[in-house]
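Chains A and B supply the protein sequences, listed in that same order. Here this note's numbering is used: position 430 in the first sequence is 430, and no number is missing along the way. Here this note's numbering is used: position 128 in the second sequence is 128, and no number is missing along the way.
One thing to keep in mind: the hints can contain errors.
Counterexamples of contact, computed for chain B against chain A with all Cβ distances above 12 angstroms [stated by the list, open to error]:
id, residue
1, 35
2, 50
3, 58
4, 162
5, 194
Stretch-level coverage of chain B by chain A, calculated; a stretch enters the list once three of its residues show a Cβ under 8 angstroms from a Cβ in chain A [stated by the list, open to error]:
id, segment
6, 60 to 74
7, 129 to 139
8, 148 to 156
The set of hints was computed from the structure by calculation and includes no laboratory data. Please read all numbers here as calculations on a predicted model, not as lab measurements. Idealized CB from N, CA, C, for every residue including glycine.
Below are the chains, spelled out letter by letter.
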Amino acid sequence: MTAVLDRPVTRIPGQMRAVATEGRRSAAPVLFLAVAVTGVILLFVHPDQWASRWAALAAFLRTELILLVPLCAAVATWQGGRERRRALDDVLHSTSRPGWHPLLATWAALTVAASVGLFVTFAVGSVFVLPYATYAGGGWWWLVVGELPALGSVVALGLAVGRWVPFRAVGLVVAVVLYVGQALPLYNNGPALWLDPVADFGSSGYRLPASTYGLQSLWFGGLTVVLLGLGALASVPVAVRAPTAALVLGVVMAVAGAAPLLAGGYERHVPDAVARRPVCAAGAPRVCVAAVDAYLLDDLTPPARRVLRRLLGISGAPVRAVGDDWTTRKPSRALLLNNLRPNLSGGLLHGTQQWGDPVADAVRQSLSAPACFGRETQPPGWATRWDVESVATGWVLRRTHDPFSPLAPQGVRALAEMTPAAQRAWIARVYATRDRCDLATETALLAEVGILTP
Amino acid sequence: MSRRWLVLHLRSRRVPGAVAATGAITLLSWWAGSWLMSRPFLSADQARIPVSALGALAVAGVLAAKLGSADEWLDRSTPSPWRTIRAIHLLVAAALGAAMLALAGLRQPALFGAPTMARGVVGLLALGAIAASVVGARAAWMVVLGYASTVYLAAPRTAGGPAAVWAWPMQPATIGVSFVTAAVLLGVALVVHAAFGARPTTDAD
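So here's chain A without its partners, still in its complex pose:
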């Protein structure tokens, strides 16, 4: 009977019980609430950045770490400091358990709490992705899972600092230092970015090789082991064997993960061909977007087709509309539907920014003359091309006001008074001047619609 009770299997529930007890008595419930509430609030501050796309949601959760990591570290520092202040070491030394066991239980409880808080955030976000997403590939789930080792390492960091540093506001200092420490690689665009919990995970048209997630997990796992070892050394000076072994193992793991990440350079993204595959609406004129943005096709097609039909037969004007495919290759005679931003119900978000409507923006872009870039700032003719494009855009969109070009509505009205053939010929001449940056022709075009340039 005794032999049965002594089986190792009985130890597992016991250790789990210790973690569960820590989960109740430690700051774990506070950490869970802090992560879940903060994470969900941030989701709804920028819904256009993640709604309706799995990869974007996963990447946004990584972005949230810039705030959640300092938060986790601050709470863990508080927890570590409380154990030191309460002089629990003496009590723990009176038991037969190694001194680092309780540290491990506290770390596990806090890490689980932070992870569950993050998954609550993910679950809330999923409600606004699952019904609408048109692409679920690209290995986005590794982005979410890859956050857990990072959370584990910052909890270990907080516990170690809390145990070592007897300073009231040390948690705040750790939080600010971690925020700055995470932000600096983002501004530098160097390979150190991949050692950062908040790395640049690109847009939906890209994915990362699985090896990147593996190496990051190894780096953060090693860091966790090192920091747990340091934390254990702070409280159990008489039993240093296990913490020392942990330090050696952790350093080896961290170096094994960090070295290839640093050596591999900044650019690790690879194109996600399946996400970029074009999906087109039935019928003509042709309107296509990438598979990852296909949920917007129903909203984009009617306005895009209205524009394409108005431009039908005009020399040089777009004959189709295509979404962003994240390449530098720009198809000719196409409306380029860039900056597609969704709302929470799988539709298109309109008008929250200066250039908020992708179809209107695409019309303007189709009329802009790259050859004239730089001329806009210098007289004479600094505003001529701008006014020509504004009048043409207003005609295509049948817009009666333009907040960025006060003269344009007058020009649109004058243009509308011409015969249909003359109107279309005027627009064709605008498209014809795109590549020439011909100030004399542009001045003449404006004069024809009653706008005299200085």
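We have chain A; now place chain B onto it with these hints.
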């Protein structure tokens, strides 16, 4: 109040350490602001936003932790005019912290420079003082950190409107309402902190 009393009061709250920490944060803020301004993809004003917000948060958090003594009950057992002392302590801390951090904002004073840094210290320290009365001085920084970090990422990108009140730390210097909000917070904090002081806690809490 004698000079000796003043020294003991400051020492019991570890104020010299807090002043040194504020000086270090000021230097760091100056360096961080200059470095960010040198980035090619950030305008001088954009670069100052994180420095203005985080510098004020750090200073206010450090100073808020010093609003209570090691043993509040022992303090209160002495026949001293504690309400006046607490109010003066908070006022001096806010003025000193704001003046020191404002030095880091002199290089680029417009929009997110010295005035916003001073405003941030005053308002966030006031929040910390109110929090200290509820949760104790040792944990007051948590409330300051929670509020400041949430508005840092949740504040709208456009200035003014209701956000001038609820997200006042993120407003540029041109939004007067944000300064009024910080001043009102300081007024409330003076009343609350003078009346109740930091919540007495044991060192183990």
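Taking the hints in turn, this is what the structure says about them:
no.	hint	verdict
1	35	8 angstroms, violated
2	50	7 angstroms, violated
3	58	5 angstroms, violated
4	162	14 angstroms, holds
5	194	21 angstroms, holds
6	60 to 74	holds (count 5)
7	129 to 139	holds (count 3)
8	148 to 156	holds (count 5)
Hint compliance for this structure: hints 1, 2, 3 are broken, all remaining hints hold.
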